[in-house]
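Number of protein chains: 4
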Amino acid sequence: MQLGMVGLGRMGANIVRRLMRDGHECVVFDVNPDAVAALAAEGATGADSIDDLAAKLRGPRAVWLMVPAGLTGGVVDQVAAVLEPGDMIIDGGNSNYRDDVRRAAALQDRGIHFLDVGTSGGVFGLERGYCLMIGGPDEAFAALEPIFRTIAPGAGDLTRTPGREGDLAAEELGYLHCGPSGAGHFVKMVHNGIEYGIMAALAEGMNILENADAGMREAEHSAEIAPLGEPEFYRFTIDTPKVAELWRRGSVISSWLLDLTAAGLQQNPTLDGLAGRVSDSGEGRWTVKAAVDIGVPVPVLAASLFERFASRDEDRYANQLLSAMRLQFGGHQELPTGDVLEAGARKAE
Amino acid sequence: MQLGMVGLGRMGANIVRRLMRDGHECVVFDVNPDAVAALAAEGATGADSIDDLAAKLRGPRAVWLMVPAGLTGGVVDQVAAVLEPGDMIIDGGNSNYRDDVRRAAALQDRGIHFLDVGTSGGVFGLERGYCLMIGGPDEAFAALEPIFRTIAPGAGDLTRTPGREGDLAAEELGYLHCGPSGAGHFVKMVHNGIEYGIMAALAEGMNILENADAGMREAEHSAEIAPLGEPEFYRFTIDTPKVAELWRRGSVISSWLLDLTAAGLQQNPTLDGLAGRVSDSGEGRWTVKAAVDIGVPVPVLAASLFERFASRDEDRYANQLLSAMRLQFGGHQELPTGDVLEAGARKAE
Amino acid sequence: MQLGMVGLGRMGANIVRRLMRDGHECVVFDVNPDAVAALAAEGATGADSIDDLAAKLRGPRAVWLMVPAGLTGGVVDQVAAVLEPGDMIIDGGNSNYRDDVRRAAALQDRGIHFLDVGTSGGVFGLERGYCLMIGGPDEAFAALEPIFRTIAPGAGDLTRTPGREGDLAAEELGYLHCGPSGAGHFVKMVHNGIEYGIMAALAEGMNILENADAGMREAEHSAEIAPLGEPEFYRFTIDTPKVAELWRRGSVISSWLLDLTAAGLQQNPTLDGLAGRVSDSGEGRWTVKAAVDIGVPVPVLAASLFERFASRDEDRYANQLLSAMRLQFGGHQELPTGDVLEAGARKAE
Amino acid sequence: MQLGMVGLGRMGANIVRRLMRDGHECVVFDVNPDAVAALAAEGATGADSIDDLAAKLRGPRAVWLMVPAGLTGGVVDQVAAVLEPGDMIIDGGNSNYRDDVRRAAALQDRGIHFLDVGTSGGVFGLERGYCLMIGGPDEAFAALEPIFRTIAPGAGDLTRTPGREGDLAAEELGYLHCGPSGAGHFVKMVHNGIEYGIMAALAEGMNILENADAGMREAEHSAEIAPLGEPEFYRFTIDTPKVAELWRRGSVISSWLLDLTAAGLQQNPTLDGLAGRVSDSGEGRWTVKAAVDIGVPVPVLAASLFERFASRDEDRYANQLLSAMRLQFGGHQELPTGDVLEAGARKAE
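Residue numbers (UniProt numbering), protein chains in the order written: chain D, 1 to 349; chain P, 1 to 349; chain H, 1 to 349; chain W, 1 to 349.
Please note that the accuracy of each hint is not assured.
Note that identical chains are pooled: a pair holds if it fits in a single copy or bridges any two copies.
Within a straight-line C-alpha distance of at most 20 angstroms, the following computed SDA-like cross-link-like pairs (lysine to any residue) qualify [as the list claims (entries may be wrong)]:
id : residue 1 : residue 2
1  : Lys289    : Pro231
2  : Lys56     : Asp77
3  : Lys289    : Pro227
4  : Lys289    : Pro60
5  : Lys289    : Arg98
6  : Lys289    : Thr237
7  : Lys289    : Leu228
If you're looking for bench data, these hints aren't it; they were derived computationally from the structure. Being a predicted model, the structure only gives us computed values, none of them experimental.
Using the sequences plus the hints, can you model the full thing?
The structure is reproduced here in structure tokens:
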């Protein structure tokens with residue numbers, strides 16, 4: 001079928017390529033004419049404006065937006081302005097699902113269908129396909145299903161889940177209609193919240209392995225931390241890149257994020273040049289806030305988010321204050337002058 | 001080569017089968033003669049005592065123990081009593097790596113090599129192979145490498161990690177000599193610690209999805225929790241079994257534990273009959289304690305462990321005390337008589 | 001000076017009493033005429049409607065609202081309808097500071113000043129005074145300062161903070177102008193977030209003490225949890241009510257919440273009749289959400305909130321799912337049939 | 001009565017002073033002769049060796065040790081060597097309660113009583129008194145009770161806990177016989193674990209207040225974190241030193257640690273010169289490990305410990321690894337080049 005694509009960054013362009021490979025017809029637009037030209041050279045129909053894009057699409061039109069989250073609202077308005085009742089807008093970006101709920105309601109009044117599509121897959125999506133979490137009205141989902149089916153990874157060579165029989169369901173092909181408007185980005189939001197938790201579990205565990213030699217380098221820490229009680233149990237020099245590779249095979253924690261960990265450690269075994277200031281891109285925060293709203297305990301997901309904050313020194317004032325308190329109640333000087341104080345001071349705590 | 005196996009539970013028996021398939025010769029013993037007979041019928045050499053097993057092995061003997069962690073110490077002693085200098089004992093069970101360190105030192109005095117092998121793979125290991133994390137002396141590892149290679153999963157059909165070239169390394173075949181005695185179970189311990197974290201991340205996220213309809217059933221909660229401020233954003237009825245299946249394909253969080261989640265939800269979509277009292281088997285605890293010893297922050301791993309404790313009501317006294325405090329400072333009655341008090345009482349907090 | 005009070009629950013009534021004791025004149029209204037009559041009998045001027053209350057106040061009028069958070073919006077509108085430019089509304093309830101920001105802006109257009117006053121002190125406030133965190137315009141704060149000074153606890157018999165000299169500052173008397181509209185409830189919100197954290201720290205610690213006898217009752221747990229490795233170190237029967245009382249004197253953690261803990265345990269040493277389903281009243285949630293918004297890590301405050309959620313079984317689905325996963329990967333049956341499985345199954349993890 | 005004191009650091013010396021003020025007779029020793037001379041000048045009997053100290057004490061002798069935890073074992077041995085059956089050793093230092101259990105058993109064979117006394121009070125103990133948590137045999141506790149009573153704070157001017165009547169109990173005077181050997185340091189250990197949690201709750205909350213102006217300085221963060229969705233709600237400039245002072249009066253969280261927070265902020269309002277590298281001195285770690293051993297969930301106490309670890313960059317490898325993973329799956333460059341990538345890359349997550 002025919003699809004308009006607005007936004008030809010890496011992901012928008014790759015989705016267009018994946019669609020064209022499977023015989024779909026794409027009309028494409030981007031504020032960067034070079035991006036349009038590049039895809040036109042690969043067989044897409046280029047448009048030089050949103051108006052032009054709308055004009056080149058047959059009704060009912062379907063326009064997929066793949067733009068940065070901060071711009072989505074404006075682009076939705078621009079596109080909606082040139083569409084007609086019965087047309088469809090698909091937001092494939094990283095929007096907050098709350099914006100979807102609001103936008104869908106506003107567009108519904110004008111007869112335009114709005115679908116939100118959470119998309120996961122990373123830089124590997126062109127080949128691997130994109131996992132699609134879809135929200136929006138039933139009839140619009142049904143109309144666009146051929147598009148979703150092409151973009152999604154398909155069944156792949158995974159073992160089928162025991163108990164599933166007969167034709168493959170949509171979710172077994174890598175796309176799912178999760179519910180009304182907002183449901184797609186809601187599920188994607190939670191997906192990313194889980195991703196933060198899994199990443200943190202892997203990173204914390206690897207940090208233990210990296211420091212399993214603490215018993216061999218105790219002296220350097222002596223001023224800073226409580227002495228290691230039993231150094232004889234921490235005299236392992238673990239090769240973490242090899243362990244990550246090992247766990248990919250047959251272990252309970254084998255996963256795509258572990259594959260990436262192994263790849264990252266293979267490429268840069270000592271993690272040189274990485275300061276460990278870890279960004280977060282919104283979904284992890286929204287996940288925790290949603291959980292708080294509905295009273296669901298998420299200590300692991302929240303802890304993984306807070307670790308990222310702390311990695312960027314957002315814990316600085318709190319830590320300074322802790323040192324200030326310790327100074328008050330025990331006369332404890334801060335590190336590095338440190339924790340090795342005379343008996344009386346240590347006792348003071 | 002030849003291997004003695006003591007302990008023919010599911011895992012011990014399957015390792016023997018995997019070895020025999022690949023041409024190795026196995027002498028087997030279990031306190032249950034039926035287990036011995038069953039494997040003898042499949043081609044193993046049965047032994048009716050540990051003495052008998054030792055007598056049927058050629059030197060240098062290699063005896064693999066696959067017994068419950070609580071029995072390992074005693075069985076190591078029994079086996080060591082009938083071995084000779086140069087022989088090898090392999091502990092494939094779930095021992096605490098600290099016991100390995102102690103046992104290896106004691107056996108070394110008698111010239112017996114001790115190897116600890118952390119083994120992951122679950123009930124699928126017979127077909128899938130077992131991921132092996134190995135600690136012990138170099139020469140013993142080298143002598144046993146053919147055995148490890150057979151038990152391990154092998155390269156499988158995974159994409160090779162970018163940057164790796166030439167012959168496959170041991171870790172790419174699913175086994176790794178991690179270091180001296182104890183290193184194998186240490187790495188396995190951390191593996192399980194990570195496993196707890198990943199499981200918790202998945203479970204917490206799915207719990208959010210399961211409760212994404214909170215805005216549609218607000219009334220039932222009104223006496224118990226703060227009212228939901230914006231119920232219009234929590235009106236999704238998410239089909240969690242379908243979402244788990246969906247995420248298996250192309251998503252960033254695809255993983256074996258997600259496969260199992262999908263399988264569990266396929267088999268029992270409403271989780272009927274599960275009370276949610278989650279056991280823990282030791283490694284998660286040891287992981288947290290090791291991290292505390294060496295000063296590595298593991299908020300996610302610890303939170304996942306504590307969630308399991310709380311699932312078994314180990315938080316009961318703490319929670320009762322919180323209710324007692326609230327009763328004191330604000331006259332707050334406990335739920336269900338609840339939180340809907342007159343203005344003055346609410347204000348009191 | 002003169003103050004109107006709307007809402008004569010325990011807290012509103014006690015504030016009126018505290019004001020009258022100090023010579024202020026109070027005009028009071030409540031939907032419950034008995035509450036009005038009771039205070040009129042103590043010297044207040046009763047009003048039988050909000051109109052009547054406004055009529056009985058001299059301009060510029062000051063009306064303090066002490067109503068449940070859910071009703072505040074409506075009462076603000078009612079009161080504002082009968083006020084005039086230059087008049088002041090004080091919201092002393094538990095409003096979300098975001099509502100203050102919105103309300104203040106709306107009222108400002110009509111020339112009415114809006115102040116938000118976070119109030120802490122519990123049922124002891126009549127005697128002890130209320131700690132006041134105040135947001136709103138400078139001139140309105142200045143006009144109302146005599147009122148705040150009376151309601152606040154005053155300097156009390158606390159040791160003055162070293163380095164403070166001269167006249168007592170407002171904060172040393174127990175009230176503070178924290179900033180523009182919303183700042184008062186913002187600071188109060190964070191106060192309650194901290195309160196949750198302190199309560200949880202006390203409760204968790206007491207729970208350890210309560211279970212310090214685990215080594216003496218190990219058998220009962222054997223099917224459920226990993227066996228206690230060193231039971232000889234957990235053979236203490238601690239009298240937690242006595243410990244709470246003890247810590248009130250001279251310890252680093254002496255605090256009002258500890259006083260309440262001691263009182264609660266004195267009154268009900270075995271916490272009989274408390275199910276441990278702990279309510280939360282909004283501020284703890286808002287605190288965590290605010291921290292997430294601005295990127296401040298709050299692992300302790302969040303953990304204390306999530307413990308309350310879990311105490312009400314909001315973790316149930318997550319825990320069921322963990323049991324379902326364990327059943328898949330290791331054939332682990334859930335408790336109580338439990339964790340004592342044959343070697344093979346245990347190994348499977 | 002008569003007491004020998006070994007170790008005259010600040011705390012040991014102040015305990016001696018407190019005892020002498022109340023009419024007790026003290027024989028004192030320290031490796032530093034100046035410390036001995038100073039107290040001798042104040043009325044104590046100086047000793048120039050442990051032998052000398054033993055000789056100057058009447059039987060049954062009582063010797064209190066106040067030495068750094070790392071030296072306690074050796075000093076116990078030295079003192080025990082010169083004592084006789086029926087004599088008593090009191091360890092007032094910060095020992096791990098596990099060492100007490102072992103030492104008491106060893107000394108019991110020789111007829112010497114061992115008591116462990118956890119002591120809290122900080123630098124203020126001389127005036128304020130020390131909160132004493134005592135473990136050991138009943139008869140030794142009874143013999144030493146006059147000493148404990150003097151060192152403890154006494155009833156002070158605290159309001160008596162409602163329901164307590166008649167003579168003041170020991171715990172109301174600030175000392176408590178908690179149980180057999182080890183019980184004193186066990187309770188003290190948990191006290192410090194709670195202390196970490198309370199300190200963290202205060203510090204995290206103050207960090208939110210300090211950053212309540214995030215909406216006014218959003219630009220500086222734009223490359224690093226997700227944009228602040230509603231900056232209009234984070235435009236408060238909170239004076240944290242004033243808030244700490246305020247909360248001391250009438251608030252629910254008033255506490256000695258808050259007093260110290262106010263003092264620290266009064267002394268150094270901008271926390272200049274504090275790097276925020278927070279030490280930990282053992283008890284917090286032991287608390288978490290004990291909780292893990294006995295299956296008690298302590299998410300708050302553990303989180304407060306892990307924050308300290310992270311404050312010293314012990315989370316560095318984990319964070320580097322997270323950045324390495326993000327680089328793999330989304331082409332995300334680490335900060336500061338940061339998170340502002342073209343649409344495709346952002347989508348990739």
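Outcome of the hint check:
| no. | hint | verdict |
| --- | --- | --- |
| 1 | Lys289 - Pro231 | between (42 angstroms within a copy, 14 angstroms between copies) |
| 2 | Lys56 - Asp77 | within (19 angstroms within a copy, 53 angstroms between copies) |
| 3 | Lys289 - Pro227 | between (39 angstroms within a copy, 15 angstroms between copies) |
| 4 | Lys289 - Pro60 | neither (37 angstroms within a copy, 41 angstroms between copies) |
| 5 | Lys289 - Arg98 | both (12 angstroms within a copy, 16 angstroms between copies) |
| 6 | Lys289 - Thr237 | between (40 angstroms within a copy, 19 angstroms between copies) |
| 7 | Lys289 - Leu228 | between (39 angstroms within a copy, 12 angstroms between copies) |
In summary, the structure is inconsistent with hint 4 from the numbered list given earlier, while agreeing with all the others.
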